[in-house]
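Quick note, the sequences are listed as chains A and B, same order. Each residue of the first sequence is one higher than the last, beginning at 737 in the numbering used here. Each residue of the second sequence is one higher than the last, beginning at 218 in the numbering used here.
Source of the hints: derived by calculation from the structure; they are not laboratory data. Mixed in with the good hints, there may be bad ones.
Claimed, not checked - Distance condition first, Cα-Cα at most 25 Å in a straight line; then the derived SDA-like pairs of lysine to any residue:
| id | chain 1 | residue 1 | chain 2 | residue 2 |
| --- | --- | --- | --- | --- |
| 1 | B | 322 | A | 903 |
| 2 | A | 908 | B | 317 |
| 3 | B | 322 | A | 828 |
| 4 | A | 808 | B | 361 |
| 5 | B | 322 | A | 808 |
| 6 | A | 901 | A | 772 |
| 7 | A | 862 | A | 846 |
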Amino acid sequence: MSRLKIATTWLDGCSGCHMSFLDIDERLLELSDKIELVYSPLVDMKTIPEGIDLALIEGAVSSEADKNELLKLRANSKILISFGDCAVTANVPGMRNHFSVNDTLSRAYVENSDSGKCLPSVSVPKLIEFARPVHEYVLVDFFLPGCPPPADVIFSTLCELLEGKTPSPITKTRFGA
Amino acid sequence: MRYPSFLQRTADRADVQPVRVLTFSINGVTVSAREDETILTVARQNGISIPTLCHLDGLSERGACRLCIVEIKGSPKLSPACVTLPRQDMEIITHSDRVMDYRRKILELLFTERNHVCSVCVSNGHCDLQALTVELGMTHVHYDYLHPQQMVDASHERFSVDHNRCVLCQRCVRVCDEIEGAHTWDVMGRGHLAKVITDLNEPWGESTTCTGCGKCVQVCPTGALSEKGKSVAEMTKKRLFLPYLKLMRGEEER
Chain A
737 MSRLKIATTW
747 LDGCSGCHMS
757 FLDIDERLLE
767 LSDKIELVYS
777 PLVDMKTIPE
787 GIDLALIEGA
797 VSSEADKNEL
807 LKLRANSKIL
817 ISFGDCAVTA
827 NVPGMRNHFS
837 VNDTLSRAYV
847 ENSDSGKCLP
857 SVSVPKLIEF
867 ARPVHEYVLV
877 DFFLPGCPPP
887 ADVIFSTLCE
897 LLEGKTPSPI
907 TKTRFGA
Chain B
218 MRYPSFLQRT
228 ADRADVQPVR
238 VLTFSINGVT
248 VSAREDETIL
258 TVARQNGISI
268 PTLCHLDGLS
278 ERGACRLCIV
288 EIKGSPKLSP
298 ACVTLPRQDM
308 EIITHSDRVM
318 DYRRKILELL
328 FTERNHVCSV
338 CVSNGHCDLQ
348 ALTVELGMTH
358 VHYDYLHPQQ
368 MVDASHERFS
378 VDHNRCVLCQ
388 RCVRVCDEIE
398 GAHTWDVMGR
408 GHLAKVITDL
418 NEPWGESTTC
428 TGCGKCVQVC
438 PTGALSEKGK
448 SVAEMTKKRL
458 FLPYLKLMRG
468 EEER
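Pulled out of the complex, with its shape left as it was, chain A reads as follows (with noise of 0.2 Å):
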């Protein structure tokens, strides 16, 4: 039996969501057996595969580069599940919605640096007016809030969905969770 095809991203998140994927922990090798992560921050793959199973979707959408990443993954991938508070509310990175990007920038770059105390313009994706959750960009299939969402859910969510059954998970978990 061919393994399921899994791909990760963190768009605008902590990693605190992959941090509880990593707290499966020794179940992580009982899952091997059955899946391959095949695009991740955890893995070493520098463009999005084709042929995706399963995504799960860290963080809120906040920059172009977000948004063409969840774009190409969506478009990459059978089944895409809005993984934590981050992609389901935007959640904390939605705090700078009340601002301007230009405001938003200013503080951290100038009003709060030691040093430097100007606006990025290389290497930092462009922000976008608004930090939004991903299913107001792409079709969601699950829904995953928590924050994190807890390893026991993330687990028995990848077990359910294993099995082809429906997961379930609002029973098990819940906004700031």
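Fit chain B to the supplied structure of chain A, relying on the hints for placement.
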């Protein structure tokens, strides 16, 4: 028991026998109740749980959140159970697909109207709004977030109000008026622009009517009103004072 004025009129009517008992059905089960008891009260007496947010035992009903809407056979509109009195032979349905769908939509709209960020909220894990997302199976919000600019008033010595987290349930307004008797809190503006205010929209810390009792903080369903010095998930509300005070005052009146 106090009702909103339009219900109080019915309760005060001289031509209505105050102890009349009605028979009607909830979810196909025949129940009986006094005519001055709301559908919500009767449902709960019969072990039927209807979700609520603005309702709090011990305070008057306001019908502000609409989460307790139920279907009444023969009526095209949904009625809030907390402010609707039953009638003889009424057929009430509390958990139809239609009702559940509207309840979830109402809850989602509450989330879009303000900036509810559970993960960094003082009430994370102890919040009535957050608990409702699990109860109603709300996985995400289907509408665009409004991201309104909302203020925090931390001028009071011991408490603060964060309008980002307010759901306009008016529990604070009612407890301050009905239990404490100060009426420091009220509401200004209309629709989603409405907000709770202290005195005549003055800083809470400068209020001349606030007694500093903190009842508003304890009844607030979310982290909108909180005690200062509490960090994320540390704000647990203590609401036992309310039934206790009601009981003691009831005995005094007798």
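Run through the hints listed earlier and report the numbers of any the structure violates, in increasing order. 5
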